[in-house]
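Student: Assemble the whole structure, with the sequences as input and the hints as a guide.
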Amino acid sequence: MRAWRVAALAAAVATLTSACVSLDTVEMSRPAVGPEGETQPWLDAPRVRLTAYARHDRIVSSLVGPGLIVPLPIIPLSPPAKDPGRHFWIDVGVDPEGEEFSLDVRRIRLHLPDRPPLAASAFVGPVMYDLYRTGQIAICHAYREIERAPAVVAMTELGCVSLRFDVTPPPTDARFSLGVDGLSNRGNLLAPVLIPFEQRRFRRLIWAP
Amino acid sequence: MPAPMPRAASPATLAALAAAPRIIAVHYLEVGPEGQHRDAFLISGTPVARIKARFLDRLPAQLALSGVRDVAEPRFPYRELAAVELEPSAARLQRTYRSGYVFDFYAPWRYVPNEGRLTGKITVYARLVRLEDLAVLWARQCSFAAEPLRGPPVAGRRAEEIYTAAALERADRCAEDLVTHFLGGARP
Numbered sequence: 001m002r003a004w005r006v007a008a009l010a011a012a013v014a015t016l017t018s019a020c021v022s023l024d025t026v027e028m029s030r031p032a033v034g035p036e037g038e039t040q041p042w043l044d045a046p047r048v049r050l051t052a053y054a055r056h057d058r059i060v061s062s063l064v065g066p067g068l069i070v071p072l073p074i075i076p077l078s079p080p081a082k083d084p085g086r087h088f089w090i091d092v093g094v095d096p097e098g099e100e101f102s103l104d105v106r107r108i109r110l111h112l113p114d115r116p117p118l119a120a121s122a123f124v125g126p127v128m129y130d131l132y133r134t135g136q137i138a139i140c141h142a143y144r145e146i147e148r149a150p151a152v153v154a155m156t157e158l159g160c161v162s163l164r165f166d167v168t169p170p171p172t173d174a175r176f177s178l179g180v181d182g183l184s185n186r187g188n189l190l191a192p193v194l195i196p197f198e199q200r201r202f203r204r205l206i207w208a209p
Numbered sequence: 001m002p003a004p005m006p007r008a009a010s011p012a013t014l015a016a017l018a019a020a021p022r023i024i025a026v027h028y029l030e031v032g033p034e035g036q037h038r039d040a041f042l043i044s045g046t047p048v049a050r051i052k053a054r055f056l057d058r059l060p061a062q063l064a065l066s067g068v069r070d071v072a073e074p075r076f077p078y079r080e081l082a083a084v085e086l087e088p089s090a091a092r093l094q095r096t097y098r099s100g101y102v103f104d105f106y107a108p109w110r111y112v113p114n115e116g117r118l119t120g121k122i123t124v125y126a127r128l129v130r131l132e133d134l135a136v137l138w139a140r141q142c143s144f145a146a147e148p149l150r151g152p153p154v155a156g157r158r159a160e161e162i163y164t165a166a167a168l169e170r171a172d173r174c175a176e177d178l179v180t181h182f183l184g185g186a187r188p
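If you read the protein sequences in the order shown, they are chains A and B. Residue 75 in the working numbering sits at position 75 of the first sequence; the count goes up by one each step and never skips. Residue 103 in the working numbering sits at position 103 of the second sequence; the count goes up by one each step and never skips.
These aren't lab readings, by the way, just hints derived from the structure by calculation. We treat Cβ as the ideally placed atom computed from N, Cα and C, and that holds for glycine. Be careful, since some hints might not be right.
A few chain B residues facing chain A, derived, Cβ under 10 Å [what the hints assert, rightly or not]:
no., residue
1, Val68
2, Val71
3, Glu73
4, Phe76
5, Tyr78
6, Arg79
7, Arg95
8, Thr96
9, Tyr97
10, Arg98
11, Gly100
12, Leu168
13, Arg170
Partial selection, computed: residues in chain A whose CB lies under 7 Å from chain B [what the hints assert, rightly or not]:
no., residue
14, Glu100
15, Met128
16, Leu131
17, Glu157
18, Glu198
Tutor: Set out below in structure tokens:
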């Protein structure tokens with residue numbers, strides 16, 4: 001009888017504390033610079049660092065399962081079909097030295113294969129750069145900010161602008177690049193910085209109660 | 001949070017400030033990113049820009065400081081990744097301003113349900129940082145009761161639209177407490 005009670009208690013505790021885990025394989029594009037293992041690579045320019053994040057990552061496979069103490073994601077799950085949409089958003093992180101940098105968003109160009117360079121149609125920012133990647137799907141903390149027409153913005157500290165390009169996001173294995181022109185320090189225009197993207201694949205484990 | 005310092009700013013600090021060619025005062029963004037919390041937003045809950053302004057109004061008269069630059073635009077409150085404390089990174093201040101002294105004023109963000117309340121006392125933290133070596137020369141906190149509110153603490157609203165006159169007076173006294181502590185107990 002005692003053993004039965006212990007078993008019942010263990011089952012109840014297990015039920016209450018159990019969780020699901022999901023092991024996703026994600027494909028994304030990231031700047032093709034810096035060390036291989038670097039989470040978010042930065043490019044150096046005079047007195048400023050730059051990075052970018054293309055918001056077209058996708059889950060290519062997913063395994064789910066129980067996550068009680070030891071995660072067991074063993075059940076394959078078809079990732080939901082995702083409409084790529086008509087807009088391609090790219091976040092640009094800018095980390096200046098000093099407080100006199102500005103960025104002319106109108107001069108930034110997206111270079112896609114077999115297309116003329118494309119200017120952004122709208123943007124939000126500067127907003128807070130997601131230093132801790134809490135947003136997961138972006139590097140800009142830009143959720144409900146109002147989109148506005150491309151313009152010059154002051155970049156007085158580490159910040160982020162999210163650019164909207166009116167084009168269907170390319171697949172993650174497409175070779176494309178972002179030409180960041182329009183960065184100025186004390187009114188002096190810096191040489192354009194080209195950020196090439198390349199496909200990356202990573203796995204992430206997500207716990208859910 | 002910055003560790004509260006038991007003592008006022010030292011005489012050496014006051015002398016260095018009086019001779020400093022560059023003193024800057026900043027505050028941090030009061031309304032934070034919403035992230036996945038769609039039914040709530042983050043707010044520091046403090047009219048921190050007003051407290052900074054009040055502090056500066058009182059401080060230079062006591063110290064004969066001149067040329068304190070009050071930066072109007074709030075900064076983003078980045079923290080060091082490995083930091084246990086929640087105060088904004090002093091190294092970020094150094095990257096922006098390079099040299100001199102910085103007073104910064106900060107209140108931690110907290111989640112507030114839509115059109116919610118700011119219950120309990122609101123605390124604001126102030127520091128004086130020497131940028132050359134990132135030494136924190138002085139740190140102190142003060143608290144005040146924010147409620148009842150005039151209106152919901154939503155993004156884009158001025159402090160005067162959120163807080164009642166009585167609450168703003170309490171916030172002003174909070175700033176004066178900071179000055180008093182900084183000066184070693186002498187009321188400004």
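Student: The structure should be examined with respect to each hint, and the outcome stated for every one.
Tutor: Hints and how they fare:
1. With a least beta-carbon distance of about 16 Å to chain A, the hint placing B:Val68 at the interface is violated under the 10 Å criterion.
2. Residue-level restraint check for B:Val71 holds (minimum Cβ-Cβ distance to chain A is 9 Å; threshold 10 Å).
3. Contact between B:Glu73 and chain A, as hinted, is supported at the beta carbon level, the nearest pair being about 7 Å apart and thus within 10 Å.
4. Restraint check, B:Phe76 versus chain A: the minimum CB separation of about 4 Å is within 10 Å; hint holds.
5. Below 10 Å, beta-carbon pairs count as interface contacts, and B:Tyr78 has one with chain A at about 6 Å; its hint therefore holds.
6. Interface hint status for B:Arg79: upheld, as the beta-carbon distance to the closest one in chain A is roughly 8 Å, under 10 Å.
7. At a threshold of 10 Å, the smallest CB-CB gap from B:Arg95 to chain A is about 6 Å, leaving the interface hint in force.
8. Hint status for B:Thr96 relative to chain A: holds, with the closest Cβ pair at about 5 Å, below 10 Å.
9. Using the Cβ-Cβ criterion of 10 Å, the hint placing B:Tyr97 at the interface with chain A is satisfied: the shortest such distance is roughly 7 Å.
10. Checking B:Arg98 against chain A: minimum C-beta separation of about 7 Å stays under 10 Å; hint holds.
11. Contact between B:Gly100 and chain A, as hinted, is not supported at the beta carbon level, the nearest pair being about 12 Å apart and thus beyond 10 Å.
12. Annotation: B:Leu168 was flagged as interfacial toward chain A, and the flag is violated, the nearest CB pair being 27 Å apart, outside 10 Å.
13. Because the beta carbon of B:Arg170 sits about 29 Å from the nearest beta carbon in chain A, more than 10 Å, this interface hint is broken.
14. Below 7 Å, beta-carbon pairs count as interface contacts, and A:Glu100 has none with chain B, the closest being about 10 Å; its hint is therefore violated.
15. With 7 Å as the threshold, the beta carbon of A:Met128 comes within range of chain B, its nearest partner Cβ sitting at about 4 Å, so the hint holds.
16. At a threshold of 7 Å, the smallest CB-CB gap from A:Leu131 to chain B is about 6 Å, leaving the interface hint in force.
17. Satisfaction of the interface hint for A:Glu157 is found here, the shortest Cβ-Cβ separation to chain B being roughly 5 Å, below the 7 Å cut-off.
18. Because the closest C-beta pair between A:Glu198 and chain B is about 25 Å apart, greater than 7 Å, the hint is violated.
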